[in-house]
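**Student:** One letter stands for each residue in the lines below.
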Amino acid sequence: MKQAIESIKTIKQSITDMFNLVESQAIKAETALLNCDRDLANEIIYLERKVDAFELIIDRECEKFLALQTPVAVDMRLIISMLKINGNLERIGDFAAGIAQFTLHDQNKGIDPTIAEKLQIRKMFDEAINMLRLCKSALFEENSSMAAKVFAKDDLLDDINREAVPVLADLINNHSANAEQMLYLYSVIRKLERMGDHCNNIAEEIIFYIDAKVMKHRNMEQLKDEVEE
Amino acid sequence: MISISAKNIDFYYGDFHAIKNVSMEIEANSVTAFIGPSGCGKSTFLRLLNRMNDLIDHTRLEGQILINNENIYGKDVQVDELRKRVGMVFQKPNPFPKSIFENVAYGLRVNGVSDKNFIEQKVVESLNSAALWDEVKDKLKKSAFELSGGQQQRLCIARALAVSPSIILMDEPASALDPISTAKIEDLIYDLKKNYTVVIVTHNMQQASRVSDKTAFFYLGELIEYDETQKIFINPSVEATQNYITGRFG
Amino acid sequence: MRLFATVTKRKKVTEWIAFMIFRLLSFSVVGILFTILGFLIIKGISVISWDFLTMAPEEGMTKGGIFPAIVGTMSLVVGSMIVSFPIGVMSGIYINEYAGNSFLVKFIRVMTNNLSGVPSIVFGLFGMALFVNTLGFGDSIIAGSLTLGILVLPVIIRTTEEAMKAIDNSYRTGSLALGATKLQTIRRVLLPIAFPNIITGFILSIGRVSGETAPILFTCVAYFLPKLPSSIYDQVMALPYHLYVISTSGTDIEASRPMAYGTALVLVFIVLIMNLLANFLRRYFGNKVKTN
Numbered sequence: 001m002k003q004a005i006e007s008i009k010t011i012k013q014s015i016t017d018m019f020n021l022v023e024s025q026a027i028k029a030e031t032a033l034l035n036c037d038r039d040l041a042n043e044i045i046y047l048e049r050k051v052d053a054f055e056l057i058i059d060r061e062c063e064k065f066l067a068l069q070t071p072v073a074v075d076m077r078l079i080i081s082m083l084k085i086n087g088n089l090e091r092i093g094d095f096a097a098g099i100a101q102f103t104l105h106d107q108n109k110g111i112d113p114t115i116a117e118k119l120q121i122r123k124m125f126d127e128a129i130n131m132l133r134l135c136k137s138a139l140f141e142e143n144s145s146m147a148a149k150v151f152a153k154d155d156l157l158d159d160i161n162r163e164a165v166p167v168l169a170d171l172i173n174n175h176s177a178n179a180e181q182m183l184y185l186y187s188v189i190r191k192l193e194r195m196g197d198h199c200n201n202i203a204e205e206i207i208f209y210i211d212a213k214v215m216k217h218r219n220m221e222q223l224k225d226e227v228e229e
Numbered sequence: 001m002i003s004i005s006a007k008n009i010d011f012y013y014g015d016f017h018a019i020k021n022v023s024m025e026i027e028a029n030s031v032t033a034f035i036g037p038s039g040c041g042k043s044t045f046l047r048l049l050n051r052m053n054d055l056i057d058h059t060r061l062e063g064q065i066l067i068n069n070e071n072i073y074g075k076d077v078q079v080d081e082l083r084k085r086v087g088m089v090f091q092k093p094n095p096f097p098k099s100i101f102e103n104v105a106y107g108l109r110v111n112g113v114s115d116k117n118f119i120e121q122k123v124v125e126s127l128n129s130a131a132l133w134d135e136v137k138d139k140l141k142k143s144a145f146e147l148s149g150g151q152q153q154r155l156c157i158a159r160a161l162a163v164s165p166s167i168i169l170m171d172e173p174a175s176a177l178d179p180i181s182t183a184k185i186e187d188l189i190y191d192l193k194k195n196y197t198v199v200i201v202t203h204n205m206q207q208a209s210r211v212s213d214k215t216a217f218f219y220l221g222e223l224i225e226y227d228e229t230q231k232i233f234i235n236p237s238v239e240a241t242q243n244y245i246t247g248r249f250g
Numbered sequence: 001m002r003l004f005a006t007v008t009k010r011k012k013v014t015e016w017i018a019f020m021i022f023r024l025l026s027f028s029v030v031g032i033l034f035t036i037l038g039f040l041i042i043k044g045i046s047v048i049s050w051d052f053l054t055m056a057p058e059e060g061m062t063k064g065g066i067f068p069a070i071v072g073t074m075s076l077v078v079g080s081m082i083v084s085f086p087i088g089v090m091s092g093i094y095i096n097e098y099a100g101n102s103f104l105v106k107f108i109r110v111m112t113n114n115l116s117g118v119p120s121i122v123f124g125l126f127g128m129a130l131f132v133n134t135l136g137f138g139d140s141i142i143a144g145s146l147t148l149g150i151l152v153l154p155v156i157i158r159t160t161e162e163a164m165k166a167i168d169n170s171y172r173t174g175s176l177a178l179g180a181t182k183l184q185t186i187r188r189v190l191l192p193i194a195f196p197n198i199i200t201g202f203i204l205s206i207g208r209v210s211g212e213t214a215p216i217l218f219t220c221v222a223y224f225l226p227k228l229p230s231s232i233y234d235q236v237m238a239l240p241y242h243l244y245v246i247s248t249s250g251t252d253i254e255a256s257r258p259m260a261y262g263t264a265l266v267l268v269f270i271v272l273i274m275n276l277l278a279n280f281l282r283r284y285f286g287n288k289v290k291t292n
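Residue numbers (our numbering), protein chains in the order written: chain F, 1 to 229; chain P, 1 to 250; chain C, 1 to 292.
Accuracy of the hints is not assured; some may be wrong.
Unchecked claim - Computed footprint of chain P on chain F; a stretch qualifies when at least three of its residues, placed anywhere within it, have a C-beta under 8 Å from a C-beta of chain P: (1) 45-55; (2) 190-200.
Said to hold, decoys possible - Capping the alpha-carbon separation at 30 Å, the derived lysine-lysine pairs in DSS-like fashion look like this: (3) P:K142 - C:K182; (4) P:K184 - P:K139; (5) P:K75 - P:K116; (6) C:K182 - P:K98; (7) P:K231 - P:K193; (8) F:K9 - P:K194; (9) P:K116 - F:K2; (10) P:K141 - C:K182; (11) C:K106 - C:K9.
The set of hints was computed from the structure by calculation and includes no laboratory data. Remember, predicted model here, so these are calculated numbers, not experimental data. Glycine residues also receive a C-beta, built at the ideal position from the N, C-alpha and C atoms.
Bound conformation, chain F alone (with noise of 0.2 Å):
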C-alpha cells in the first residue's frame, strides 16, 4: 500500500509538471507569434524535447504501476487517464512547436494586428491556455464539475475555427494580405482548435477518473446532463 500511495503521488506530480511545461509553450507560442520574437521561438523548439521526455517518463511510471501494483478501481481509473491526459498533453506540445516554426520560418516581419483581430488569434489562444488551466486545476483538485467547464470553451475554438475560413478567402481574395502567409495562419488556426479538442479529451479522461463517468462521444446537452447528476 504504502509504495503504491507513492507512487501515484510521483506520476500525479509528473502529470501536474507536464501541464506546467505545456502551459508555458502555449503562452510563449502565442507571444512569440504575435510579436514574431525568433529567439523566443527557438527557446520553445527547444523545449519541445523535455515535453517528448516527459511523456516516455510518464509512459514508463504508468507501465511500471500496472505491472507491480495491478490496480484496480480508482487507482485503475487513475492509471489509464493518466495515460491518455500523457498523450493529449504531448500534442498539444507538439502544436506548441508547430506554431513555433511557423514564426521561425514566417519571411514577413510578423502578422498585421488588424488581420489577427479580425481572426481572433488571440482570443482562440486564450481560450486554449484557460482550458488548459481548467484541466490543470481539475485535476488537481479532483473537481469534475471544474472539467465539465472546458467542454463549453471547446465549442467557442470550433466556431471561431469555422469562421476563420471565410475570412482568410476574403483576405486572399482581395490582395489585402500575402497569401503564403494566410495559408500558413490557417495551419496556425487549425492547430489551437485541435489543442481544444485535446484539452476536451483530457476533461473527459479526468471526469472518467473522478466519477467513472464515461463522457466521449456525446453531445452537449448529454454532457451537461450527466455531470449535474
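Put chains P and C on the given structure of chain F with help from the hints.
**Tutor:** Just chains P and C, lined up with the frame of chain F:
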C-alpha cells in the same frame, strides 16, 4: 553489498533432486521474492539459508552458500549462532504459549541475556519495528493467543527481530491471513528493507510484484529467471516466466 | 417418494433402537461402579471416623484404625515416584526428541510397552529376587519402592512420550529458528506445554501404586508392625495388603469385617481422588495451551 551468495547449489531429499544447480546473489537491504508453482523448490531453497533443512533426515547439499562472505555450512559454524543472524518467519503464525512480552524476549533469553532493562528495551523496539506496539502496549502480559492471526504473525516478526538478525527469511508469511493483515505485513516488509535483507517466498505473484526489488522464478528445482522485479513483470526474458506470471501455465 | 419414505422410516427406527442399546449399556457400566461404591459405603461407612484414620489397629484388628497402613502406602507412593518419575520423564523425552527412528529405538519402544503387560505378581517375584535378596535390602520400603517404581515406569515413559509427540512441530521449528538449542527448546517451550499430560500420567501412576498388592507382597509389607517405620530399610504396612489380610486371616475375621470394608473404602477413595485430580489438572492446564 552482497549479503547472500549461493553458488551451484544442488540439494537432494534422499534420491529426489530438489534443487538443480542454482546460483544467485542477494544484495543487502533489499527485498527478494521467490515465486513459482507448488513443489518448485522455492521453500526448500529458502530453508537452506538458515540451515533449517538440517532438521530433515537423508538430505544432501552440494555447492556453497556464503552469508556476509562466510560459508554457512563450514565445519566450525555454530548453527544456533547462524540462526540468530538469519531469522525466519513461517507460513502459519506460531507464537509460543507464553505472554506477548515473553514471546518477543524468548530469543534474547536463550541467548543468555538477563539484563532486565535491556530485554525490556529490545522488546519495545522490536514490537515497534513490527508495527505492533500500539496494538499491544497495554497487554504485554496477556497470552499471545489472544491476538488475531495478523497480529500473531507480526508478533512472530517482532520475535525474530529481537535478536537483531541481518537477514529475515519469510516463508509465505501472509498466505494464512486476511487481506487487511496481508496489506499490513506488506507495508511492514517495505519498511524493514531499510535495515534488513528480506527474502520472501510467496505463491501470490501480485504480492511479489508489490513488495520486492528482485524476483526469482523457480520451476521444478531450477532457477528459471532472476532479475529486477520491474523487468520480470513488464518484460521477462524467458517465455516460461511469462507463461507463469500471466497464468498461462498448463 | 413413497419408497424413500419407507426407507427413511426404517432408518429412523434402526437408529433409535441402536441408541437405546448404547444408552442402556452405558448406564449399566455406571450402574456397576455405583453398585460397588454403594456396597462399600454401606458396609464400611460405619467404621470411618477420625480415630479410624489416625490410630493403629488394636485388639487383633477388630478395633482401632489403619493409620500405619495409610503411612505405609504413602511412603511407598513417594518412594516409587522418586524412583520412576525422573527416569520415566527423561526417557520419554529422549525417545521422542533425540533418538532417531532406527530399529534399536523401535525395539526399545516395543519392549517398554511389553513391560507394562507383565503381570504385577511377576514384578513382585523379580523385586524379591533382585532387591530383597541379591542386593540385600531385605523386606524394606526401598525394595518395595524400587519394585513399584519399575512397575509404573512404562506408564510414565509412555505418557511422557505421547505428551511430547502431541506437541505441534511448529513450536520446535519456531524455537530453533530463533537460535535456541534442542535442550533449550525442550526446557523452555516443550515441557511447559507437555506438563499437563505428564502430570496426568504421574497422578494415574500414584493411583496404580496405591492399589497394587502383589509386588509389595514379596518385597516390603508386614501384617502388623508395632511401630511406624523409621528408615527406608524398614518394613511397612500397606492398605491393599491390610485389606487382604484382615479379610482372610487374622484372629477374628467376622469382627474385623467392618474394618475391611472401611479400608477398602479409604483405598477406593484415594484412587478416586487421584483420578479426579488428574482430570481437573489436565483440563485446567490444557486450556492454557489449547486456546490457539
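**Student:** Which numbered hints does this structure break?
**Tutor:** 1, 2, 5, 9 and 11
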